[in-house]
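The primary structure of each chain is shown beneath.
2 protein chains.
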Amino acid sequence: MSDRYYVVPRDFHDNLVTKAYLDRGFTPEESVSGARMASSASWHGIRTHNALKALHLDEFLGSGAGGCQPGASIEVVPTGFEAAQVWNAHRKMGQAVAYEAMDTCKRLADRFGLGMVSVDDAFHYLWGGGYVMEAAKEGYIAYTNCTSAMAEVVPFMGRNPTLGTNPHSWGLPTTDAIGFPIVIDWATSVVAMGRVQQLARENLPLPPNAAIDSEGNPTTDAAKAVALLPFGGHKGYGLSLLNELMAALIGGSLPAIRGRPHEEGEKNSTCFFFQVIHPDALSAGAFARGRGQQDNVKAVIENILGPGNEKCLLPGQIEAAGAARSEKSNGLLFTKAEIEEFNGIAAQCSAPPWNLKDFPPAH
Amino acid sequence: MSDRYYVVPRDFHDNLVTKAYLDRGFTPEESVSGARMASSASWHGIRTHNALKALHLDEFLGSGAGGCQPGASIEVVPTGFEAAQVWNAHRKMGQAVAYEAMDTCKRLADRFGLGMVSVDDAFHYLWGGGYVMEAAKEGYIAYTNCTSAMAEVVPFMGRNPTLGTNPHSWGLPTTDAIGFPIVIDWATSVVAMGRVQQLARENLPLPPNAAIDSEGNPTTDAAKAVALLPFGGHKGYGLSLLNELMAALIGGSLPAIRGRPHEEGEKNSTCFFFQVIHPDALSAGAFARGRGQQDNVKAVIENILGPGNEKCLLPGQIEAAGAARSEKSNGLLFTKAEIEEFNGIAAQCSAPPWNLKDFPPAH
Chain A
1 MSDRYYVVPR DFHDNLVTKA YLDRGFTPEE SVSGARMASS ASWHGIRTHN
51 ALKALHLDEF LGSGAGGCQP GASIEVVPTG FEAAQVWNAH RKMGQAVAYE
101 AMDTCKRLAD RFGLGMVSVD DAFHYLWGGG YVMEAAKEGY IAYTNCTSAM
151 AEVVPFMGRN PTLGTNPHSW GLPTTDAIGF PIVIDWATSV VAMGRVQQLA
201 RENLPLPPNA AIDSEGNPTT DAAKAVALLP FGGHKGYGLS LLNELMAALI
251 GGSLPAIRGR PHEEGEKNST CFFFQVIHPD ALSAGAFARG RGQQDNVKAV
301 IENILGPGNE KCLLPGQIEA AGAARSEKSN GLLFTKAEIE EFNGIAAQCS
351 APPWNLKDFP PAH
Chain B
1 MSDRYYVVPR DFHDNLVTKA YLDRGFTPEE SVSGARMASS ASWHGIRTHN
51 ALKALHLDEF LGSGAGGCQP GASIEVVPTG FEAAQVWNAH RKMGQAVAYE
101 AMDTCKRLAD RFGLGMVSVD DAFHYLWGGG YVMEAAKEGY IAYTNCTSAM
151 AEVVPFMGRN PTLGTNPHSW GLPTTDAIGF PIVIDWATSV VAMGRVQQLA
201 RENLPLPPNA AIDSEGNPTT DAAKAVALLP FGGHKGYGLS LLNELMAALI
251 GGSLPAIRGR PHEEGEKNST CFFFQVIHPD ALSAGAFARG RGQQDNVKAV
301 IENILGPGNE KCLLPGQIEA AGAARSEKSN GLLFTKAEIE EFNGIAAQCS
351 APPWNLKDFP PAH
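Chains as they are written, first to last, in the numbering used here: chain A, 1 to 363; chain B, 1 to 363.
It should be emphasised that the hints constitute simulated quantities derived from the structure, not laboratory data. Be a bit skeptical, because a hint or two may be false.
Intra- or inter-copy, both count: the list cannot distinguish identical chains.
DSS-like mimics (lysine-lysine), calculated; alpha carbons at most 27 Å apart, straight line [what the hints assert, rightly or not]:
#, residue 1, residue 2
1, Lys311, Lys224
2, Lys267, Lys298
3, Lys311, Lys53
4, Lys298, Lys53
Please model the entire structure based on the sequences and the hints provided.
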């Protein structure tokens with residue numbers, strides 16, 4: 001890590017974030033959910049999806065802009081299907097909805113082997129990987145996808161951004177096998193727009209085929225990039241489309257106008273999809289050499305990372321290392337600039353100020 | 001199409017393929033399933049997964065090599081979960097298993113909103129896209145993945161091929177909206193090994209980052225390629241791992257030794273995963289402007305393919321065009337070389353010979 005980090009006690013962080021949400025009119029339960037997700041992201045070293053990002057999003061697209069409705073109640077839409085629930089979130093805070101949806105999916109999976117919750121009229125849940133990671137730590141196979149708040153990605157062979165960065169997140173129960181859950185979690189664009197802006201500021205090039213310029217041609221000049229490209233050409237495009245199509249079946253809005261001014265009568269919100277599978281509902285019980293299920297998972301992973309592949313990382317390994325660092329430091333790690341921004345959050349909601357000298361440097 | 005095609009009546013094709021399977025000891029039900037899948041692939045213009053490929057695979061890895069067991073019975077493993085089934089296929093023909101698994105998933109989805117079937121000890125189902133496409137045409141959301149018969153793909157940042165080309169296939173019910181089901185269906189490698197061999201024969205280059213040479217370095221020289229790379233770097237690697245991990249939970253074999261000689265006691269077969277969602281189990285019913293579900297899907301797709309994106313294809317569109325061509329020609333389209341190979345199949349199972357002059361050229 002090139003940046004210098006300071007250790008903020010987790011309670012201290014969570015209390016400020018909860019207070020910031022309460023101050024914006026969210027219920028205690030919502031506020032605690034918002035703090036829990038931000039805290040989990042920072043604990044795992046996810047610097048792009050911390051409390052600062054969440055509160056910024058909430059201010060400019062969420063409760064500060066009508067995109068999110070503090071205190072909204074989730075409406076359970078009757079479908080007549082026992083293992084599937086459909087919710088209308090009425091733009092309730094995404095983090096609170098996502099935690100509750102995953103809990104519901106787990107309950108359904110306990111009973112039916114698998115369960116799903118589809119959510120219409122939702123607002124940003126911050127970090128999909130966090131929800132599936134928690135479920136995976138409890139032993140489940142978990143999945144979520146969502147549509148993004150704004151279209152920034154150009155369909156394969158197109159010129160106009162009409163797709164969100166539409167992420168997918170899978171969590172696998174591998175903790176007993178390798179010490180942490182494998183979490184496959186990424187956007188379907190090569191890079192995020194925030195990364196393009198960062199590279200433009202630093203005058204650094206984009207990777208090839210990550211963005212197009214205003215003429216619709218691929219560019220590696222971050223300053224000229226106006227829209228993103230899906231990863232892996234038509235394959236990433238297909239994965240991005242998948243989120244839009246599932247959302248369209250749920251009740252989703254038209255992606256190209258989402259988050260932008262548009263004619264009356266169209267929706268403006270995103271959709272979530274959650275699914276959990278119980279591990280016992282997958283096992284045929286016929287593992288080689290009499291292994292148990294987790295032993296078999298361990299043997300398969302060791303086989304994949306065998307000779308020649310020692311340098312390979314597993315998805316979720318960086319997050320697990322982040323958590324180990326937080327654990328060792330006994331708190332969340334933030335830079336000076338981040339702590340100053342937290343101080344601004346504190347001022348906004350009349351909480352005691354954050355001061356760099358209150359936090360020990362991380363080793 | 002640069003090749004010249006000849007029209008083979010579908011029944012004529014299906015009868016020969018059924019006979020070829022019967023001749024190898026498969027049951028009538030299995031043989032009809034094998035012919036049905038091959039026929040569907042050729043009907044949709046999938047030339048890489050036709051009957052010739054299926055029968056070749058069966059000869060060298062399947063019933064001709066002990067990898068597939070004609071007449072095997074599917075064992076339903078009790079799990080206690082109502083919406084999930086686990087099967088041990090005992091190496092029964094993959095196509096017969098896959099059709100039955102999708103039918104079971106649809107029945108479970110009709111009742112619970114979604115359903116899944118996990119299959120241990122399986123043998124190659126040929127073309128995953130075909131199964132999800134059929135379910136999608138019936139109005140369902142369908143998904144399948146499987147582990148490949150042999151490891152040919154190097155994990156991201158690795159040097160040794162320990163992953164299969166592990167494909168994913170999603171089918172979406174979009175026929176009422178756009179005239180055909182969207183089918184997202186691809187391997188997690190940039191290209192298939194068959195494509196590498198074809199390019200090597202023709203002395204043509206590989207795309208960048210599709211394969212490595214014997215030193216473990218990326219190469220575009222098809223003749224020097226010894227292993228494949230996942231598409232999209234760590235993202236495609238994650239998707240390939242997902243199949244191995246789900247298989248590992250089901251009962252899967254160690255990927256690096258799969259399909260190769262190895263020590264006693266380890267398994268050698270692949271796993272399948274199938275899932276179907278009922279469209280009514282997703283709908284929140286709150287579509288903008290009073291649209292119905294399919295109208296909303298249509299509006300979302302039209303929005304994505306709006307101005308600037310007219311040249312974009314939808315996944316499944318090429319297959320739909322292939323089916324339209326077959327429909328118009330009133331039969332399956334094969335090249336001279338393919339028809340000669342079918343004649344070899346006919347000779348093998350003592351069926352009447354295929355002769356190019358029996359088949360009219362396609363227009």
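To see whether the hints hold, each was checked on the structure:
no.: 1; hint: Lys311 to Lys224; in the structure: between (35 Å within a copy, 23 Å between copies)
no.: 2; hint: Lys267 to Lys298; in the structure: between (46 Å within a copy, 15 Å between copies)
no.: 3; hint: Lys311 to Lys53; in the structure: neither (32 Å within a copy, 36 Å between copies)
no.: 4; hint: Lys298 to Lys53; in the structure: neither (36 Å within a copy, 34 Å between copies)
Of the numbered hints given earlier, the model fails hints 3, 4; all others are met.
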